[in-house]
Structures are given as structure tokens and as C-alpha cells.
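2 protein chains.
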Amino acid sequence: MLDFEAYRERRVLITGGLGFIGSNIAQKLVQYGASITIVDSLDPLYGGNPANVAEIRDRITVHVGDYRDPSLMKPIIRDTDIIFNLAAQVSYIDSSRIPFSDLDLNCKGPLQLLELCREQNPRARIIFASSRLVLGKVVSQPIREDHPTEPLSLYGVHKLAGEKYHRLYAAVYGMNTAIVRLTNPYGERQQLKHNKYSLPGWFMRLAQEGKPIQIFGNGQQLRDYIYATDVADAFLAVGQLTSTRGEVFNCGSGRSIPFAEMAETIVRVLKKGKIEYVPWPADYERIETGDVNFSVKKILKSTGWRASVSLEEGIERMDNYFAPRLRLYI
Amino acid sequence: MLDFEAYRERRVLITGGLGFIGSNIAQKLVQYGASITIVDSLDPLYGGNPANVAEIRDRITVHVGDYRDPSLMKPIIRDTDIIFNLAAQVSYIDSSRIPFSDLDLNCKGPLQLLELCREQNPRARIIFASSRLVLGKVVSQPIREDHPTEPLSLYGVHKLAGEKYHRLYAAVYGMNTAIVRLTNPYGERQQLKHNKYSLPGWFMRLAQEGKPIQIFGNGQQLRDYIYATDVADAFLAVGQLTSTRGEVFNCGSGRSIPFAEMAETIVRVLKKGKIEYVPWPADYERIETGDVNFSVKKILKSTGWRASVSLEEGIERMDNYFAPRLRLYI
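Quick note, the sequences are listed as chains Y and P, same order.
Positions in the first sequence are counted from 1; adding 1244 to them yields the numbering used here.
Positions in the second sequence are counted from 1; adding 1244 to them yields the numbering used here.
Rather than coming from a laboratory, the hints here were simulated on the basis of the structure.
Hints may be right or wrong, so weigh each one.
As the list claims (entries may be wrong) - List time: in silico DSS-like cross-link candidates among lysine-lysine, alpha-carbon distance up to 27 Å:
#1 Y/Lys1440 with P/Lys1352
#2 P/Lys1381 with P/Lys1541
#3 Y/Lys1352 with P/Lys1381
To be verified - Ranges between beta-carbon positions, derived for each pair:
#4 Y/Asp1313 with P/Pro1392: 27 to 37 Å
#5 P/Ala1298 with Y/Phe1460: 27 to 37 Å
#6 P/Ala1526 with Y/Lys1541: 48 to 58 Å
#7 P/Pro1366 with Y/Leu1570: 40 to 50 Å
#8 Y/Leu1570 with P/Tyr1528: 50 to 60 Å
#9 P/Arg1530 with Y/Leu1485: 15 to 25 Å
#10 P/Lys1545 with Y/Ser1384: 17 to 27 Å
#11 Y/Ser1384 with P/Arg1255: 38 to 48 Å
We put the CB at the ideal spot given by N, CA and C, even for glycine.
Construct the entire structure; sequences and hints are all you get.
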């Protein structure tokens, strides 16, 4: 069991803190007595949702606003010890449709946050959320942090630039930054509005609504699904490291399964739903990355963190979370 | 000798075509009878200079404007076979001072050009100018195209994102793109206003003006200087390849010399100037990349191009070029 007592009374800023991962981090931090500030734009395109912090609303400070607004951010940054930067355009599929918004949110956003920290509070620790989609086609297994990066989406290019900013500000300005590179997170507090990311939640919704779950091809591509609370713990674990200088940490369950098995597990656990196999749409095949076997040795060695929620347990917990509040998420 | 006859009557667009490298490309293309359009903003911060095309002004079309303006670019792109994209913020030093301008020019600019091509003319060939500064600290010698990329400047991060865009648009949309990654270009038509890039020209100016040439440390770091007309030939050679799909080509002389030797060669060739050795400024050491030994095997093998102008000859040609027109460049 990881000890997060060091967060007691630490001043923590979570950008995108009403979203999927940000709110799971906030839920954890409240338990450890951190002083939590959230900035979230509640942009309807993304996963920000006040329901995600309903239980802890009176114990956190929430600013509904754009984290690219320097006048909003300056005073907040001055009063912060640790920043979890989760605000982002989060769909690789949308990134080709809204290339300049993706650039602005996923490059200008983190760059400005780093610049403001450098000016206002260079000792603040910044943990940046990145994605396996910086990698592109998988060319070596298992996927370590030094795997080549050849993104196949603008989302991936911009997340890669975001990573490089954090490495550069550490190398050149000595700032304390780190990068958490996620596989496929899912679970409680994820968005359920569309199928553009976090498919386990989307499939759960389809199953609950009695609609078919479609799988492209044979669904044998390997993926690594990691549960929401495990992801939150990973961010907290990396956030505790005081000497990271732009290091990248893979974050996944460390166990890869076929995409189809994820869908079948949902149907089995929920005892609902029906899977249909359909051909790959032509435009999807080019951006299919290949099997994902994420090495999570580095984060274990550096922080002691490892995933603890199995896929079955995760699906059950996700379903239990959403059952009484589904209408708030769709 | 390379044959560029294939450019006859080809419609070529050069963004940043009044600048250092763009105008050297234009000078070459005029010889081969290409139909040349230049878009250049003549932003006083950068190297765009009408003097660079004075001799060929009546044989080219020049639009003074911002290549990020879609209404300007759309009709031009529709009528173009090959695009050399040279428009950029070109100083890695300035990039930390104007981070958001660098982002806008060096990321949004090329992204928008690719988007416009994808919409208007997906068969256009696009050659993107990149820089050794995408690499950061040199970790293996000689530096091949697959050397790790860990930029130490925002300029480097944004050029890296620019490269990745071109690779992505090739991989996902099948567009015909290529990247030329330059070492240290110098020579005729370079800017001489300040010391932020292309130091051989700057040192030539100092020598001609009787001012001391300062070298940080012992000046023993290796650099690869490549002459303007060789660079232009390299772009033309890569631009002739019809099947590149986002490939990167290193472009350098293939011969590395100590920084100090470059300065000494200028003093020797010009028979003027005086070198002073001074300590490294504190903020420079962190971003010093280490010795540069560029491998140029790939471009030779793929196109037949190799550098032909020695440093001595280049300095002499540069000096001859600037002598009668120095006032137009300072």
C-alpha cells in the first residue's frame, strides 16, 4: 500500500479537475487532507462534469474557467505546490477534425502553464498527463519509456510536444516536472457521451441500454486497460517524487488482453449486452497502432506503484458507480 | 553533377522565399525554368529581404503576406506542384523569449499548410525545412536520421512537431512529404543583422567592421557548416523524389570542424578580424548540444546530392556576394 500522507496540507492544483482522471485524483487527495484547487472549463466537448466532485464539493475550490487564461491562473499558480495538468483535448479521433483547437489546448495550454510557473513559481512540481498515442505504430515489445515516438494522430503529435516542453523546462530551467504516459484508462467518472475514448465505459453503456457492441475486425489487438483509481494513485505516486526532471513514466496495468476480451468481460460481468463483429472502416486501419504491451517496471521501481484493480473488478466498480447516476453522464 | 531539368515548368511555391535558404532555392529554380511563386511576410525579425531576389525579380511571382492566411494561400496551393516550406521563426535563442509566436509560426504554420494541401491539392509535394536542433544533446556519433530527439529549445520542440506533422500526413493521408534536417547553413543571402543564427556571416561582418569575434570557451565543439548553394541543391534534390512519405534527410557538409576553426578560417580568408576567447555565459552551457558529426549517407544514396563548397570557398563566395551590397543586409 502506498503512503500518500505527504500530501497533507499540500496545495494542489488540478487542471481539468472536473474531468475523468482529474476528479479521481481529487477524490484521492481529499482523503489525504490536501488543499485542492480545480480549474476546469466544463467545455461540453470533453469530460468535465460537476457530478464527478459532488461528494467532495465543499472540501475543494473550483474555478470554472479556461486554464489558458493567464489572469485566472497567475494567482492560483503562485499559491500551489504541485500541479496535475489534466486539462486537454482528449480524443485522438477529433484531433484530425479540429486540428487548431487541439494545437491550442494541447500545446499552447501546457506551454503557457510552464511559462507561468517559470515566472511565478519555478519550484512548483508539474505532472503532465500524456498518452501511449505519442508512440504511433508499436515497433518493439514490451513498450518501454524509450520506445520511438512516431504519432499517427495530431493528438499524439501535440501530446509529444507537451512531453518535450516538460523535459526542456526541466533540463534548461531546472524545473521539477514529470510525465505520466497512460495506456487505456477507464472507469468511474469517465465520460459516457460518445465512443471517442474510454471504450469500456461506452460499451458498459451500450450493454445497459441493450444496444449491440461493435468490434472492428477480430478484436485480437492487445490493449492494456487501467482502472480510474489506479491511475489516480499513479499520478499521486509520481507527484510525490521530488527530484524528477522531465522523466516519463509509463502507466498501465501491466497486463494486456485482446480488445474483444475486454468487451466479452463487460457482457459477462454485467450479464447484459451483445457483441457484433464488423469489418474495419477504411480510415481506421492506417491509424491502428498494433499490440500494446506496456512495460510498467520503471514506475514500480521509482515509486512502488502498481495497478491493483483487475478488469472484472473494474467493470463491476464502474457499473456500481454509474448505476444510480447514469443520467448525469449521458 | 545533379540534373534538375525535371523542374522545368514545374509550379513551385516557396514560403519564406525572400529569406536566406528560400531565396537560394529560388535562384537555382530560375536557372531550371521553374514557375516560381514566393510567399514571404518580410517580418523584420527574420531574414526575408527583397535584395535576395533582386536579380530574378521579373521572373518570379512574389506575394508579401503571411503564409498562415488561408485566403491568401488557398488559390496559390491549388496551382502548385511542389512546396518548399521555409517560412519560420528561425532563432532557437529567440524561441524562449517569444514562445507563443514560435508555436504559432513553427507549428500552426506548417500544420495549416498541410491541412490546406490535404483539402485543396493532396498531390502537392511538400518539403519541410527542419534543423539539427530537434536532436538536443548528441548521444551517438555519427548523427543519423534516427538519432533520439530531445530538444533543448522551444524552437527545437516546435520543429520536431513540424516534422511529425509531415510524417503523419504522409502515413495517414498518403501525402508526398519530406523533411530536410539542416546542420549549420551559412552564406550568400543570409541575414547579417544579429548573431542569433548563421554565425559565419555574422563573424564575416564583424571582421569587415574591424570588431572582435568572440568565442565562448575554447571553441572546440564540432560543427558542420554547409554553404547556401549546397543547401539549395539539397532541397531541389529531395524535392525531385516522387515517393517520399515523410522521410527525414540529414543535410550537412559531412565534414565537422571545431567552431573556433570556422572563425579562424574567416580571419584567414578575409585577412581581417580578431578572435577573442571568453567564458561561456551561464545560460548557454545548458543548451550546448555537444559535437555534431552529421551522417549524410542517406541523402547521398537517395538523391546523389553531396556538398561541394569547402568552407574556404564558401567564405570567399559569401564575402564576394555581400561586399557590394552589405548596406542592404545590415
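Structure-based check of all given hints:
1. Y/Lys1440 with P/Lys1352: holds, 24 Å
2. P/Lys1381 with P/Lys1541: holds, 21 Å
3. Y/Lys1352 with P/Lys1381: Distance ~24 Å between Y/Lys1352 and P/Lys1381 Cα, so the pair holds.
4. Y/Asp1313 with P/Pro1392: 27 to 37 Å: holds, 35 Å
5. P/Ala1298 with Y/Phe1460: 27 to 37 Å: violated, 58 Å
6. P/Ala1526 with Y/Lys1541: 48 to 58 Å: violated, 37 Å
7. P/Pro1366 with Y/Leu1570: 40 to 50 Å: holds, 43 Å
8. Y/Leu1570 with P/Tyr1528: 50 to 60 Å: Holds: the Cβ-Cβ distance is about 58 Å, inside 50 to 60 Å.
9. P/Arg1530 with Y/Leu1485: 15 to 25 Å: About 22 Å separates the Cβ atoms of P/Arg1530 and Y/Leu1485, which means 15 to 25 Å holds.
10. P/Lys1545 with Y/Ser1384: 17 to 27 Å: Because 25 Å falls inside the window, the suggested range holds.
11. Y/Ser1384 with P/Arg1255: 38 to 48 Å: holds, 42 Å
Going through the hint list in order, the structure does not satisfy hints 5, 6.
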